[in-house]
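K.L.:
Each chain, written out:
There are 2 protein chains.
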Amino acid sequence: MNNFMEIAVQEALKGIRKKEGGPFGAVIVKDGEIISVGNNQVILTNDPTAHAEIVAIRRASEKLGRFDLSDCEIYTTCEPCPMCYSAIHWAKIPIMYYGASRDDAAEIGFDDKYLYDVLQGLITDEKLMSKQIERSECLIPFKLYDEDQEKKLY
Amino acid sequence: MNNFMEIAVQEALKGIRKKEGGPFGAVIVKDGEIISVGNNQVILTNDPTAHAEIVAIRRASEKLGRFDLSDCEIYTTCEPCPMCYSAIHWAKIPIMYYGASRDDAAEIGFDDKYLYDVLQGLITDEKLMSKQIERSECLIPFKLYDEDQEKKLY
Chain U
1337 MNNFMEIAVQ EALKGIRKKE GGPFGAVIVK DGEIISVGNN QVILTNDPTA
1387 HAEIVAIRRA SEKLGRFDLS DCEIYTTCEP CPMCYSAIHW AKIPIMYYGA
1437 SRDDAAEIGF DDKYLYDVLQ GLITDEKLMS KQIERSECLI PFKLYDEDQE
1487 KKLY
Chain X
1337 MNNFMEIAVQ EALKGIRKKE GGPFGAVIVK DGEIISVGNN QVILTNDPTA
1387 HAEIVAIRRA SEKLGRFDLS DCEIYTTCEP CPMCYSAIHW AKIPIMYYGA
1437 SRDDAAEIGF DDKYLYDVLQ GLITDEKLMS KQIERSECLI PFKLYDEDQE
1487 KKLY
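Those sequence lines, one after another, are chains U and X. Count the first sequence with my numbering and you get residues 1337 to 1490, in order. Count the second sequence with my numbering and you get residues 1337 to 1490, in order.
Be careful, since some hints might not be right.
Because identical chains cannot be distinguished in the list, a pair is counted as satisfied if it fits within a single copy or across any two copies.
Straight-line C-alpha distance at most 30 Å; calculated DSS-like pairs for lysine-lysine [to be verified]:
#1 1463 - 1355
#2 1479 - 1399
#3 1467 - 1366
#4 1463 - 1366
#5 1354 - 1488
#6 1479 - 1463
#7 1487 - 1428
#8 1428 - 1449
#9 1366 - 1399
It is worth saying that the hints were derived from the structure and are not from the lab. It should be emphasised that the depicted structure is a prediction, and the values quoted were computed from it without experimental measurement.
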């Protein structure tokens, strides 16, 4: 078995035993070495964003002191939900290995597939009502930011 | 102007002035009272997941001591990226008001629209190579979790 994925599975198992959250683990690797590990800690931390990949990304960023993880790879025991997929993108991680699929996650009761279907426009999100208001006022910070010649891009 | 959105805009402006990150702000409200505010802090914290909505959700969850924010609303100065949209979903927030659109964000250089297009299958994600490996081993934690009668759902 792939060594890094094996460690991700161990993280997932540890998280279940300690009742920290869902059955998910992730490992971030750079140059063949583990930078960080993470498991789902939604229950432990009361943070709904504390999915395994997000936990691992935050730890890797903290350890490396940068938000750009473009020299890293991520191993995750399950195909990331859209939140985590997008977080991997924002972290600029270019390579991802995943184990179980979104359908596997749906079978044990997780909404990953539902969310993908919503974002793909296949179904309407009946759980979230959204409405656009005050667009012109919200463009004021955009303009200020766009004109800032000294801003650090991310 | 809507009071809560006005505060979200002020958070965004404060974040730009302090060079904390992108021009985005968010406010979480419960029963007409502000529970938390957030602005993009990717630069300040070196955390690529520190978008305004995620920051506000983490603070609200910490303040209320629970991951379930189903009695809250969120005001955000920009249509959330898929990461934040999904985080709002995982936090079970049922009502969202947003100001600027994903197209407005694209115009000042942010990838929100790109990510939505990727997740909708409209374009291929050339920035992220993904590959499924070791599915059967990764299903072991799923099975253990699924059989745990005492697990706390989230």
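K.L.:
A separate judgement is required for each hint: does it hold in the structure or not?
P.N.:
Here is how each hint holds up against the structure:
{"no.": "1", "hint": "1463 - 1355", "in the structure": "within (27 Å within a copy, 35 Å between copies)"}
{"no.": "2", "hint": "1479 - 1399", "in the structure": "neither (33 Å within a copy, 32 Å between copies)"}
{"no.": "3", "hint": "1467 - 1366", "in the structure": "between (42 Å within a copy, 17 Å between copies)"}
{"no.": "4", "hint": "1463 - 1366", "in the structure": "between (38 Å within a copy, 17 Å between copies)"}
{"no.": "5", "hint": "1354 - 1488", "in the structure": "between (40 Å within a copy, 12 Å between copies)"}
{"no.": "6", "hint": "1479 - 1463", "in the structure": "between (33 Å within a copy, 28 Å between copies)"}
{"no.": "7", "hint": "1487 - 1428", "in the structure": "within (19 Å within a copy, 34 Å between copies)"}
{"no.": "8", "hint": "1428 - 1449", "in the structure": "both (23 Å within a copy, 16 Å between copies)"}
{"no.": "9", "hint": "1366 - 1399", "in the structure": "within (12 Å within a copy, 35 Å between copies)"}
Violated hints amount to a single one, hint 2; each of the other numbered hints is respected by the structure.
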